[in-house]
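Student: These are the residues of each chain, in order.
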Amino acid sequence: MPTPHQARHFLEIRKPVSRPQAILSAFGIWAVFFGIWSVAAHSGWVNALLVPPPDQVFATTWDLFASRGFASDVLISITRVLVSFAMACAVAIPLGVMMGTFPSVEAIFNPFVGAWRYLPAPSFIPILLMWFGTGEAPKLALLFIGVVFFLITLVMDHTKNVRKELIETALTLGASRQVTVMQVVFPAALPDIFTAMRQMLAMAWTYLVIAEIVASTTGIGAMMMRARRFLKTDEILSGIIVIGALGLFFDLAFGRLHRWLFPYRKETR
Amino acid sequence: MSEALLHLDAVSKVFPISGGESVQAVDHVTFDVEENRICVLLGPSGCGKSTILRMIAGLEAPSDGAVTLHGKPVIGPARDRGMVFQAYTSFDWLSVRRNVEFGMKVNGVPHAERRERAAHFIDLVGLTKFAEAYPSQLSGGMRQRVAIARTLANGPELLLMDEPFGALDAETRWHMQELMIDIARQENTTMVIVTHDIEEAIFLADKIIFLSSHPGRLKEVIVPEFKHGARIDDKEHIVQLPGYAELEQKIMRLMREEGSREEQ
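Quick mapping for you: the protein sequence lines, in order, are chains A and B. Per the numbering used here: the first sequence = residues 154 to 422. Per the numbering used here: the second sequence = residues 53 to 316.
For the record, the hints were derived by calculation from the structure and aren't laboratory data. The beta-carbon is built from N, C-alpha and C at its ideal position, and this holds for glycine as well. Check each hint, because a few of them may be wrong.
A few chain B residues facing chain A, derived, Cβ under 7 angstroms [claimed, not checked]:
| id | residue |
| --- | --- |
| 1 | Leu-111 |
| 2 | Ala-113 |
| 3 | Ala-118 |
| 4 | Pro-129 |
| 5 | Gly-134 |
| 6 | Phe-137 |
| 7 | Thr-141 |
| 8 | Val-158 |
| 9 | Val-161 |
| 10 | Phe-182 |
| 11 | Ser-188 |
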């Protein structure tokens, strides 16, 4: 017989849950969500035209991929995200590391970068369309603007967090300034920079959808806007599910990559 | 007779503080460090001992006076003056062996020689079994041993240590102090060690530079005569030697005088 104070309550303050309980809980909440959705749609509580049942949405998702060439839209969207994100990283990482290392460089760029962060990227859409027309360029530019300034600031902050003693150790070992930045400051900040990239990639997906909804004939967002015109709510919901799945996939992939690249960091997730 | 390797000539340091004011951290400090000797900078907090060490390392420039190594003025950090900090400075992304090789690598020491020297110094600090481990897998004391091996493997003329064992528990600190005596004997290393621990100072020092606080001034140069120029590598043994207790009391009195002066 367990004594009363050993009995475990469901609500234990900050006691970790077991893995089976965690899995059960996670599945449970989704089961409830799809359950309510399914019942609401099938029983006619809601207009089935506006809220098609989940099974229909999944069937449509399959059909979109299998026979209506949705894969090419998805591929276009992924390419846009990755290309623009790579461009943003190519600018933000070197610049952020420089700004975080050299106060003189920070003094030049921080007043500039800091101001740009407060300009919402979508406000540039009209002018980007005028400058770049309707091709790939305005979409890539929007994603780039949306990501690069935040990424610069995050990289700078993470670089500043590299402890002074590490830098001074390198200098007293006879490392030049260049070697110190490349072989001590950068690798020391890299795990955190990688985490910042992971967060910013999620933001890139947000801007992608905005770009494709506003000004595109291809990509997941454009497919959803086409579907809206023909009242195909199941296709719109399919688009949302695919975007969510892609976001989740990239986030998990980044998490895996982080653990693989930085095994000395004992971090969960 | 050993000759002076390092010479501080009337070294002062003034730090600007907010509001256009400034504070004098170090005030005309002069002393020598002879080759193959262990010199300990001791004093109450605020005596500028860490600042003096940082000026020797070249991480701070003196406001006045000069630091010279072999008669040449120190300008900036360089490999001839290796530094071990109180905070852990392991490069977490490198294995123990590659941490120890780091200085040699950036200074262009050939691969084979690098390997050999690293192995020697890793062995010297007793970490051979952990050569391929990452620092995050090691205890605090082991990490400080990595830092010591990394600095020594780089072949500095002077090993500078800023309260290197301050973050360690008592037993580990004791082992580390004995290790330093071992290293000094085997490698003929010249050391300047900053501490506020009187026991540590007496155990390690061939010469103690005692500093007073606010501003940091040289108060007394103390040579632990009771050791008769020998190094005792056993802490239990040293405290029983005649003369140890007297010296400890003398230094405690100096510390207390400084403390009461502070309060006035």
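Student: Run every hint past the structure and note whether it holds.
Tutor: Verification of the supplied hints:
no. : hint    : verdict
1   : Leu-111 : holds, 6 angstroms
2   : Ala-113 : violated, 14 angstroms
3   : Ala-118 : violated, 19 angstroms
4   : Pro-129 : holds, 4 angstroms
5   : Gly-134 : holds, 6 angstroms
6   : Phe-137 : holds, 5 angstroms
7   : Thr-141 : holds, 4 angstroms
8   : Val-158 : holds, 5 angstroms
9   : Val-161 : violated, 11 angstroms
10  : Phe-182 : violated, 13 angstroms
11  : Ser-188 : holds, 5 angstroms
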